[in-house]
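Novice: Listed below, chain by chain, are the residues.
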Amino acid sequence: MSAILEVKGLTKRFGGLAAVNQVSFRVAEGSISGLIGPNGAGKTTIFNLVTGVYKVTEGTIEFRGESIQDLEPYKVADKGITRTFQNIRLFKSLSARDNVLIACHMSAKYGLFESIFRLPRYWKEEKVLRDKAESLLEIMGLQDRMDVTANNLPYGLQRRLEITRALALDPKLLLLDEPAAGMNPDETVQLMRLIGEVRDQFKLSVLVIEHHMDLIMGVCEHIHVLNFGCTLADGSPEDIANDPKVVEAYLGAENDR
Amino acid sequence: MNQFLQQLVNGLSIGSIYALMAVGYSLVYSIMNFSNFAHGSVIMLGAYLGFFLLTLVGLPFGLAFFLAACGTALIAVILERLAYKPLRDRNAPFLYFIITAMGASIFIDNSVIATIGPTPKTFPTQLLPSFLQSGSIKLGALDIGRIDLAMFIITAVCLVALVLFIDFTKLGKAIQATAYNMKASALMGINPSFVVILVFAIGGFLAGIAGVLYGMKYQVFPQMSGITLKSFIAAVFGGLGSLPGAMLGSLLLALIETFVSGYVSTQMRDIFAFCILIAMLVIRPSGIMGKTSEDKA
Amino acid sequence: MLSQVSDFLGQTVFTVYIQQIIVMTGINLIAVLGLSILTGFTGLFSFGHGGFMAIGAYVAAIFVARLRLPFALAILAGALGAALVSLLIGRLTLKLKGDYFCIATMGFGEAVRIILNNVNYVGGARGWESLPLLTNIWLVLGLDVVFVVLTWNLINSRHGRNLVAVREEELASQMAGIDVFRYKMIALVASAALAGVAGALLANYLQFLRPTMFNMGKSTDLTIMVIFGGLGSISGTIAGTILLTGLPEFFRNFAQWRLVVYGLAVIVIMVGRPQGVMGGFELTPSGVRKSLASRKARLALEAEVRAAEREGKA
Chain S
-13 MSAILEVKGL
-3 TKRFGGLAAV
7 NQVSFRVAEG
17 SISGLIGPNG
27 AGKTTIFNLV
37 TGVYKVTEGT
47 IEFRGESIQD
57 LEPYKVADKG
67 ITRTFQNIRL
77 FKSLSARDNV
87 LIACHMSAKY
97 GLFESIFRLP
107 RYWKEEKVLR
117 DKAESLLEIM
127 GLQDRMDVTA
137 NNLPYGLQRR
147 LEITRALALD
157 PKLLLLDEPA
167 AGMNPDETVQ
177 LMRLIGEVRD
187 QFKLSVLVIE
197 HHMDLIMGVC
207 EHIHVLNFGC
217 TLADGSPEDI
227 ANDPKVVEAY
237 LGAENDR
Chain X
4 MNQFLQQLVN
14 GLSIGSIYAL
24 MAVGYSLVYS
34 IMNFSNFAHG
44 SVIMLGAYLG
54 FFLLTLVGLP
64 FGLAFFLAAC
74 GTALIAVILE
84 RLAYKPLRDR
94 NAPFLYFIIT
104 AMGASIFIDN
114 SVIATIGPTP
124 KTFPTQLLPS
134 FLQSGSIKLG
144 ALDIGRIDLA
154 MFIITAVCLV
164 ALVLFIDFTK
174 LGKAIQATAY
184 NMKASALMGI
194 NPSFVVILVF
204 AIGGFLAGIA
214 GVLYGMKYQV
224 FPQMSGITLK
234 SFIAAVFGGL
244 GSLPGAMLGS
254 LLLALIETFV
264 SGYVSTQMRD
274 IFAFCILIAM
284 LVIRPSGIMG
294 KTSEDKA
Chain C
180 MLSQVSDFLG
190 QTVFTVYIQQ
200 IIVMTGINLI
210 AVLGLSILTG
220 FTGLFSFGHG
230 GFMAIGAYVA
240 AIFVARLRLP
250 FALAILAGAL
260 GAALVSLLIG
270 RLTLKLKGDY
280 FCIATMGFGE
290 AVRIILNNVN
300 YVGGARGWES
310 LPLLTNIWLV
320 LGLDVVFVVL
330 TWNLINSRHG
340 RNLVAVREEE
350 LASQMAGIDV
360 FRYKMIALVA
370 SAALAGVAGA
380 LLANYLQFLR
390 PTMFNMGKST
400 DLTIMVIFGG
410 LGSISGTIAG
420 TILLTGLPEF
430 FRNFAQWRLV
440 VYGLAVIVIM
450 VGRPQGVMGG
460 FELTPSGVRK
470 SLASRKARLA
480 LEAEVRAAER
490 EGKA
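Chains as they are written, first to last, in this note's numbering: chain S, -13 to 243; chain X, 4 to 300; chain C, 180 to 493.
Honestly, I wouldn't trust all of these hints.
To be verified - Calculated cross-link-like contacts (lysine-lysine; reagent style BS3-like; alpha-carbon spacing at most 30 Å):
#1 C:274 <-> S:95
#2 C:475 <-> S:118
#3 C:274 <-> S:65
#4 C:475 <-> X:176
#5 C:469 <-> S:95
#6 S:110 <-> S:158
#7 S:78 <-> X:124
#8 S:41 <-> C:274
#9 S:113 <-> C:276
#10 S:61 <-> S:95
#11 S:-6 <-> S:65
#12 C:276 <-> S:41
#13 X:88 <-> C:276
#14 C:276 <-> S:65
#15 C:276 <-> S:78
#16 S:113 <-> S:41
#17 S:113 <-> C:475
#18 C:469 <-> S:118
#19 C:469 <-> S:110
#20 S:95 <-> S:65
#21 S:61 <-> S:41
What the hints assert, rightly or not - Computed Cβ-Cβ distance ranges for the label pairs, DEER-style:
#22 S:43 <-> C:360: 21 to 27 Å
#23 X:36 <-> S:156: 33 to 39 Å
#24 S:130 <-> C:181: 50 to 56 Å
#25 C:247 <-> S:156: 52 to 58 Å
#26 C:311 <-> X:247: 53 to 59 Å
#27 C:181 <-> X:124: 53 to 59 Å
#28 X:6 <-> C:360: 43 to 49 Å
#29 C:472 <-> S:172: 47 to 53 Å
What the hints assert, rightly or not - Derived list of chain X stretches under chain C, where covered just means 3 residues or more per stretch with a C-beta under 8 Å from a C-beta of chain C:
#30 30 to 44
#31 102 to 112
Please keep in mind that the hints were generated in silico from the structure rather than gathered at the bench.
Think of the CB as a built atom: it goes at the ideal place given N, C-alpha and C, for glycine as much as any other residue.
Turn these sequences into a full structure, and let the hints steer you where they fit.
Specialist: As structure tokens, this is what we get:
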């Protein structure tokens, strides 16, 4: 299977500290992959590197065969990689509908002039935008909450809204940063199902950072384990669960409880 | 040669005032990651406090000076508690802080204009300590104004004391830790609220000293908060958030200004300051001593 | 015909005095609309928009008084001049943290004032008198309508929404494919151009120019109007401008206290009710609908949550 994302020798240094050190992995196209590791292992840093928020110190990042490591974040999103954030970064004072509507903006091409002077192209494409936002919200089960201010949504729905917003750009690769944080077991199961459905319905690949081992083991086809910025293990869930290094560094701690 | 040295002396004395202002501003910036644009108004209040404690209340100079600085320290903390803390608690966006600072600045400046009046006040020389009363000291062929010398010495003492405090005392290290990472230091038992109050108090204290010194050298007037623009530029020049940078930037800026003013023209002086700002932003926005940093996502 | 109407109105309802207030409000409104786009909708704070007004005013004055070109051209030139300068400032500062932009605009405002103080061709510090009276109430009101509509159109398009996104969450906007730098530039240039237009109109209304007219006090006056009206609301901006241009007339006896009250009010607004007078919503049919829909949805959600809780307990 071809790789939609290929990371080679990725290194990020902050001053003297290497937050990420020579990490290499592939995300197979159409797969749901996981990126796990203890806190501070460098997982979110990798997301930031891939999405262009941080500049790469060393190494390469290839997306669909194209090198993307020095692109600006908005260009990375344009290429087809979108993400959610560890601390939910919704447009909190805007409605759910507006959150998604904003993200749909790439689906219209009308320029400043056409919008200021309300030329026909504006009207046509604006309708396309609105319809797209509404249908996305419907698909994700948020149609009853379209007009609620994002801040007023329950936590679980906020997370779902953030995923909806990330889908608005028609991405090929979706990066989810701890989507199950703060969720109870029921919500986590729902989320697992949602991730699978999203992958199937929207025909994309997913890379998930998570601490909830049930979610990772239950939904990921491939897992990459980090520790202190370095690769610890890489393989299928069974491989990982049985890898003594992983058990010691990460899972072991959980089993001790 | 003499003119050169003379200009040097002038530059250093102005630079020391800029340095006091810039350091107070940079200190707050390094902890809170925001620019207290009301800093100038606090400086202005320091000048007025010093003036009135000296003339109206009749306190001896040293005491008036000290109390004025304590007064501004208190005002700075009150400002923080009433105007900034509520915003911080709500995780308000950066913009709200700037707007509130602007509001505070307008409120303070115009309160002074409305009550005390806009006419400038001069520190009466007879109330200054005797060694400051006569004009200048002769050092070789140089004429060093006594007030200028006093300013430079006072500033140097304050800044050295500040650096010693920050680098060598437990409280100072607490401030450094909080500047680095507020949450982590809180987890280590450092009370962030206390650190914030401390930092604003120190900044306010320095502002008061700067205000009185400036008022002594020039005059006391309500629009003084305008000079702080120079100190902001100096802070950027030296590196926002870096205290040594603020000091270095201030001295350099003042020296460049003085030389431009002396050898080119006085009008060009302020334009030059702005040009230096632009140049820094183009060449090295993090300033002479600043570090580049990236936001965490 | 138009002049007959205005003559009639002039003798009855709209005395010269009231007309003056209307014209000043109208001129301010154009500049404040620009600042609303920059600060209210995009979240950038400028201390130096007086400088952009000054550029517009002086360029227009040069066109009209020295080059003897038509007023329309002068206004355009003023707007263009301000816009070009803003492009430069934006390039240098908008990629950096917000504080740099604030300090740079502060410096810019001062620099413009100082430069103008020293250029005798435009009157220097003493000022430039006897400029022609070319601004009239109809021109101002007409431009007001035009700019309000254009601003409204901008805000209610994907570009306007992108501006708001930049204000709300820069990082998330990047993720949504928004070129944050480009949009900040758009906001800055638009606001500078509008300030330039306002400046041009002002010059040929007051018929004199002095650099102190455009100091930081002017910039903060305009910003206060945006804040009072409420960040992120065009109708709020209009209301704020009318309120704060007309109100000083009543404050005439307490002129010095006006700013004291404003300063305090700004703090109170920011701490208590940052949405300002309009509460962040628009006084238009769609705005009202939106506000009602939001309220309805929120109440429905709360009711559901309460019902679920009750069921859980049962």
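Novice: Look at each hint and say if it fits the structure.
Specialist: So, going through the hints one by one against the coordinates:
1. C:274 <-> S:95: holds, 25 Å
2. C:475 <-> S:118: OK: residue 475 of chain C and residue 118 of chain S at ~23 Å, within 30 Å.
3. C:274 <-> S:65: Holds - the C-alpha atoms of residue 65 of chain S and residue 274 of chain C are around 22 Å apart, at most 30 Å.
4. C:475 <-> X:176: Outside the cut-off at roughly 52 Å; violated.
5. C:469 <-> S:95: holds, 25 Å
6. S:110 <-> S:158: The given pair, whose Cα atoms are some 26 Å apart, holds under the 30 Å limit.
7. S:78 <-> X:124: Given pair residue 78 of chain S, residue 124 of chain X is violated - Cα atoms ~50 Å apart, limit 30 Å.
8. S:41 <-> C:274: Answer holds: residue 41 of chain S to residue 274 of chain C is near 15 Å, not above 30 Å.
9. S:113 <-> C:276: violated, 36 Å
10. S:61 <-> S:95: holds, 16 Å
11. S:-6 <-> S:65: Holds - the C-alpha atoms of residue 65 of chain S and residue -6 of chain S are around 19 Å apart, at most 30 Å.
12. C:276 <-> S:41: Within the cut-off at roughly 17 Å; holds.
13. X:88 <-> C:276: Holds, because 21 Å separates the two Cα atoms, which is no more than 30 Å.
14. C:276 <-> S:65: The hint holds at about 26 Å.
15. C:276 <-> S:78: holds, 22 Å
16. S:113 <-> S:41: This hinted pair is violated, its Cα atoms lying about 38 Å apart.
17. S:113 <-> C:475: holds, 24 Å
18. C:469 <-> S:118: Satisfied, since the Cα-Cα distance of roughly 19 Å is no more than 30 Å.
19. C:469 <-> S:110: holds, 22 Å
20. S:95 <-> S:65: Holds. Residue 95 of chain S to residue 65 of chain S sits at ~16 Å (cutoff 30 Å).
21. S:61 <-> S:41: holds, 14 Å
22. S:43 <-> C:360: 21 to 27 Å: For residue 360 of chain C against residue 43 of chain S, whose Cβ atoms are near 23 Å apart, the range 21 to 27 Å holds.
23. X:36 <-> S:156: 33 to 39 Å: holds, 36 Å
24. S:130 <-> C:181: 50 to 56 Å: holds, 53 Å
25. C:247 <-> S:156: 52 to 58 Å: Between residue 247 of chain C and residue 156 of chain S, where Cβ atoms are some 57 Å apart, the hint holds.
26. C:311 <-> X:247: 53 to 59 Å: Holds - the Cβ-Cβ distance for residue 311 of chain C and residue 247 of chain X, about 55 Å, lies within 53 to 59 Å.
27. C:181 <-> X:124: 53 to 59 Å: Taking Cβ atoms as reference, residue 181 of chain C and residue 124 of chain X lie about 54 Å apart, which means the hint holds.
28. X:6 <-> C:360: 43 to 49 Å: Holds - the Cβ-Cβ distance for residue 6 of chain X and residue 360 of chain C, about 47 Å, lies within 43 to 49 Å.
29. C:472 <-> S:172: 47 to 53 Å: This hint is violated: roughly 30 Å between Cβ atoms.
30. 30 to 44: n = 4 at 8 Å, threshold three: holds.
31. 102 to 112: It holds: at least three residues are needed, and the stretch 102 to 112 of chain X offers 10 whose Cβ sits within less than 8 Å of chain C.
Hint check: violations occur at hints 4, 7, 9, 16 and 29; the rest are consistent with the structure.
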